[in-house]
Amino acid sequence: MNTIKQNHNDQGHEEHPIVSYREHLSTLVALLLLTVMTVAISVFGSNLRTLSVATALLIASVKALVVAYYFMHLKYDKKLYTWLLLIVGVLFVSFLILTSIEFLNR
Amino acid sequence: MEHSSGFSLPNSGHNRDAEASKMGMWLFLFTELLLFGGLFVVYMVYRLLNHEAFLLSSFELNVTMGTFNTVVLLVSSMTVAMSITAIQKGNAALSIRLLFVTLGAAVVFMVVKYFEWSAKIHHGLFPGQLVFDNLPKGEGLFFFLYFFMTGLHALHIIIGAVLIAVVIYRTRKGLITAEKYTLTENAGLYWHLVDLIWIYLFPLFYLIH
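Taken in order, these protein sequences are the chains called A and B. Residue 12 is where the first sequence starts when you use this note's numbering, and the numbers rise one by one after that. Residue 574 is where the second sequence starts when you use this note's numbering, and the numbers rise one by one after that.
What the hints contain is simulated information worked out from the structure, not anything from laboratory work. Only a predicted model underlies this, so the values are computations on that prediction, with no experimental measurement involved. We put the beta carbon where it would ideally sit given N, CA and C, even for glycine. A portion of the hints provided could be inaccurate.
[As the list claims (entries may be wrong)] Between beta-carbon pairs, the in silico distance windows are: (1) B/K710 / A/A51: 31 to 39 Å; (2) B/H624 / A/H27: 46 to 54 Å; (3) B/Y742 / A/S37: 26 to 34 Å; (4) B/A666 / A/A51: 35 to 43 Å; (5) B/V684 / A/L102: 35 to 43 Å; (6) A/K86 / B/K710: 43 to 51 Å; (7) A/K89 / B/V636: 18 to 26 Å; (8) B/V680 / A/T110: 17 to 25 Å.
[As the list claims (entries may be wrong)] Below, computed lysine-lysine pairings styled on DSS-like, alpha-carbon distance capped at 27 Å: (9) B/K710 / B/K686; (10) B/K662 / A/K89; (11) B/K693 / A/K90; (12) A/K86 / B/K662; (13) B/K662 / A/K90; (14) A/K89 / B/K693; (15) B/K595 / A/K89; (16) B/K746 / B/K595; (17) B/K686 / B/K595; (18) B/K686 / B/K662; (19) B/K595 / B/K662; (20) A/K86 / B/K595; (21) A/K86 / B/K746; (22) A/K90 / B/K686; (23) B/K746 / B/K662; (24) B/K710 / B/K595.
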């Protein structure tokens, strides 16, 4: 019996804490608030033109991180997944930034 | 391997590996991120080259519909996450119900998308239509990218919905249980990715005026 239990632990499921419904609901509320924020800035703050591009992308990135951290369980998974995502993310974002710097300096 | 020489491992008779499945799913998601990433680079470069045209064209899109769809996807992301909690607690019935809500959200998203696209096509803005063909270069690029990127995203919504339907079927059959729910988790990861891409598509096409 004990060995069977041990085997199940090896499957990797038992170590996962169960995320509560409440935590998922709070995550959604946070995401909705951020959405309201971006739309409001875009619709009512069009005089802040240059600022709004950066803010919109910043808020989108915060939302993406919230989705990855809570909904995609990175908070509870092995840190390896977070590192992998960070490597892909940093690589991609640095390419975006370098490309635009290259463009803007010509 | 029929000629295995009596070599056997003392295991429990099944060879599932939840961790490896999840790792496989994440690696696949990284390729998806880079696929859309490439498109975002194209968007960025064309936007830098055609700043005013992209600004003007973005006013053609319906912010209300876009916002509505954003909310629909965020809610569906939560219901998928909750369905994993439900199956972990052994509540298959609730898990199925929450997955059906997600499926419903996918349908709502596609219906809204249908109305959005029909309006654009009605105005002749689909690549190959008369109005589109006579657009200045910048506006043309905007609408080409709009249709290609939201179209590819919509394709992902359809694939995700099929995946969730499979999860519902297998949960109902008792093949997915509190001890064995890797498929629910992986379908959830895919669905969250679809949400994640929309989180960027929405402000880039609808909001940045």
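Run through the hints listed earlier and report the numbers of any the structure violates, in increasing order. 7, 8, 11, 14, 17, 18, 21, 22, 24
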